[in-house]
Structures are given as C-alpha cells and as structure tokens.
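Asker: Residues per chain are reported as follows:
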Amino acid sequence: MGIERHLNDTVHVTSLEWFVNWSRKSSMWPLGFGLACCALEMIATFVSRYDLARFGMEVARPSPRHADLMIVSGTTSKKMIPAVVRIYEQMTEPKWVIAMGACACTGGIYKNYAVVQGIDRHLPVDVYIPGCPPRPEALLDGILQLHAKVMKEQSIRNPKISRVKVTQE
Amino acid sequence: MNQEAIRDKLISTFGPEAVQVAVMFRDQLSVTVAKDKVRDICRFLRDDPDMAFNFLSFVAAVDRYPETPRFEVVYQLQSLKHNHRFRIKAMVEEPEEGLPTVDSVVEIWPSADWDERETAEMFGMQFKDHPDPRKLFLPEYWTVHPLRKDFPLEGTEQDTPDLPRRPKSKETSE
Chain D
77 MGIERHLNDT VHVTSLEWFV NWSRKSSMWP LGFGLACCAL EMIATFVSRY
127 DLARFGMEVA RPSPRHADLM IVSGTTSKKM IPAVVRIYEQ MTEPKWVIAM
177 GACACTGGIY KNYAVVQGID RHLPVDVYIP GCPPRPEALL DGILQLHAKV
227 MKEQSIRNPK ISRVKVTQE
Chain L
1160 MNQEAIRDKL ISTFGPEAVQ VAVMFRDQLS VTVAKDKVRD ICRFLRDDPD
1210 MAFNFLSFVA AVDRYPETPR FEVVYQLQSL KHNHRFRIKA MVEEPEEGLP
1260 TVDSVVEIWP SADWDERETA EMFGMQFKDH PDPRKLFLPE YWTVHPLRKD
1310 FPLEGTEQDT PDLPRRPKSK ETSE
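For the record, the sequence lines run as chains D and L.
For the first sequence, this note's numbering gives the first residue as 77, with consecutive numbering after it.
For the second sequence, this note's numbering gives the first residue as 1160, with consecutive numbering after it.
Where hints are given, some of them may not hold.
List time: in silico DSSO-like cross-link candidates among lysine-lysine, alpha-carbon distance up to 27 Å [stated by the list, open to error]:
#	chain 1	residue 1	chain 2	residue 2
1	L	1168	D	154
2	L	1196	D	155
3	L	1294	D	187
4	D	228	D	187
5	D	187	D	236
6	L	1308	L	1168
7	L	1168	L	1196
8	D	154	L	1194
9	D	225	D	155
10	D	155	L	1308
11	L	1194	L	1168
12	L	1287	D	187
13	D	241	D	228
Here are a few chain D residues that sit away from chain L, every Cβ distance over 12 Å (derived from the structure) [stated by the list, open to error]:
#	residue
14	78
15	89
16	102
17	153
18	158
19	183
20	190
21	191
22	240
In short, the hints are calculated from the structure, not lab data.
Computed from a predicted model, the values in this text were never measured in an experiment.
C-beta: ideal position from N, C-alpha, C; glycine also.
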C-alpha cells in the first residue's frame, strides 16, 4: 500500500465495489412494519437494550420508497399477501428481504388454508431466521449474516435486480 | 328470570311447535326453535320487559355433517338490565341447490351484522334481508366455505390461492 504511506496514512485505498457495498450495509434502513408477534421481538431489537442503531439501522422508514430492507416479521395471511407484495414492489433497488420467524419462513404452525406457506413463495428471501418468535439476538445475527452477504455482492459489475416471483397462471 | 321460565314463556307465547327441543347441559339451557320463527322470537325476547335481551353476544353456526338437518345457527343473548343469559338455536337444512337460508336479525340487534357476515362466508349460509351481505374476512375471490366439515384443512391451490389470478393477456403484455 505504497500511496497510503506516502500520504502519512491519511487516505485509504480500496475498490469502488467494496466501498459501495460497505456503505449499503452500514446504513441499511428497514421498512417499519410488523405482521404478527415477531414484530414485538423486532421492536425489542430496535430499542436501547439491543440497539439496532449500532449497525446503522435505527431509521425504520414508514415509506417503502426510503427503505432498503423488508423484515417480514410474522404470519402472513393470504388476505395480507397482496399488500405485502405491493409494498415490496414499491421499494427501490437495491432491496433485501429477511423472513423472520417460523411463519414467514414456512407457514409455521399454521398449516391451513388461510396462511401463506412461506413468504418465499412470493418474495426473494435473502436470510431466513427460524424461531417462534426468534429472540432479538437471533434477529441481530440474521442481520449480520445479511450484511456479510451484501459485502460479497458484485454491486458494480453485476448489480442484482430483485423481482417478485410470479406464481399466477 | 331463570332459563326454564323463559322457555315456558316462549312456549306460551308462540305455541309448543315453535320450541322444538330444550336441552339442559351444565346449567345452561339450549332451546331449538323453528327456523321461520327466529326473527319473531328474537324480537319478542328483546322487547318483552321481563326478558329485555338488549345485548346479542354472538351469532355463530355449527356444521353437523353428515347429520340432517346439517346446520344449526346459534344466538347467544344477554340482558344487561336483568343480568340473565339465554341461548337459542335454529336447525337449518341444506337445500338440494344453493345455500341454506335463515332470517337475518340485524334489524333487531345491529351488532349481528359482522357476526352474520362471518357465519355466512365460513359456512356458506345466506342471511335473508341482511343489509350488507359482503364477505368479512375471506378474500373476495374465494368461493369456498372453510368451516364446513367437508372442507380440507389446508385448502387447495384452485380454491384458496394466495393471490388473485391475473388474466393471461396482462401477464404476457408486460
């Protein structure tokens, strides 16, 4: 790292892609919405005991236009899924999805006609967090896993395009 | 007024054929009344000063499949004035075609509105003269009745899809 030493270590040299990924993961704003009991654990993660602000994520955006991350926290009923998909479609690229809890991952205990059997039937999920509900530590671990995933993305050479899965005929 | 006295007053007012069965179980009396008398009996129970059932706790239904008559509609009443409760039921036969029908009691107790809408969509029942017969919980495009005993618990892709089916032409034009 010759040039850094020449300038007395006042600058740092890295690739543009690393820098873009680093800035994305360092201020990833979640969408402020909750669907069921997992939302309470998500709220607990936001408050000072667990303090999501340590990871630049304390700004829960009420508008999907400002949000980068959708935390699907809880049971998604079939009556609700059109609204969830609509909100996801309104989020701007790049965007990520965390399926929080057993219900969002697989439908959980609700193996019946009224509940979507896993949010990944409709949305491209990046990180699955099992648990019923997961503790805030588990959510934080999932978020850190997502951060690690973001750091590996080819954000310049091969930017990802997120699409809703079309399951209709 | 105790439950036996209410039953006797119903019999003396509407005749013995209106009150079909009265079952006492764990100090609670369930009175089965004739289906076409439901509205008259409900209005009487609300307006009579000795009864004064001014609060309808709920309207619900039971599917007795494969017995006949298949459905029973349950009305749980409470009087806030006298602090007594009463339950009436009506047996509803499933017709050869179409949905079983029973009179709506919304005009007597407005709180029956949502209860009857839920019962209607879940059991496939029609409440005659209901002022707002839309679905309450289920998606508009579903045509099945999930609380019927012959309904599969997990539903099917055709009957209970996650999302409404979009027309094919719209999908290809994008």
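Asker: Next step is simple, just say for each hint if it's right about the structure.
Answerer: Each hint tested on the structure:
no., hint, verdict
1, L:1168 to D:154, "47 Å, violated"
2, L:1196 to D:155, "37 Å, violated"
3, L:1294 to D:187, "23 Å, holds"
4, D:228 to D:187, "35 Å, violated"
5, D:187 to D:236, "33 Å, violated"
6, L:1308 to L:1168, "35 Å, violated"
7, L:1168 to L:1196, "15 Å, holds"
8, D:154 to L:1194, "35 Å, violated"
9, D:225 to D:155, "32 Å, violated"
10, D:155 to L:1308, "22 Å, holds"
11, L:1194 to L:1168, "18 Å, holds"
12, L:1287 to D:187, "34 Å, violated"
13, D:241 to D:228, "23 Å, holds"
14, 78, "52 Å, holds"
15, 89, "44 Å, holds"
16, 102, "35 Å, holds"
17, 153, "9 Å, violated"
18, 158, "6 Å, violated"
19, 183, "10 Å, violated"
20, 190, "7 Å, violated"
21, 191, "10 Å, violated"
22, 240, "10 Å, violated"
The structure fails to meet hints 1, 2, 4, 5, 6, 8, 9, 12, 17, 18, 19, 20, 21, 22 from the earlier list, while all remaining hints are met.
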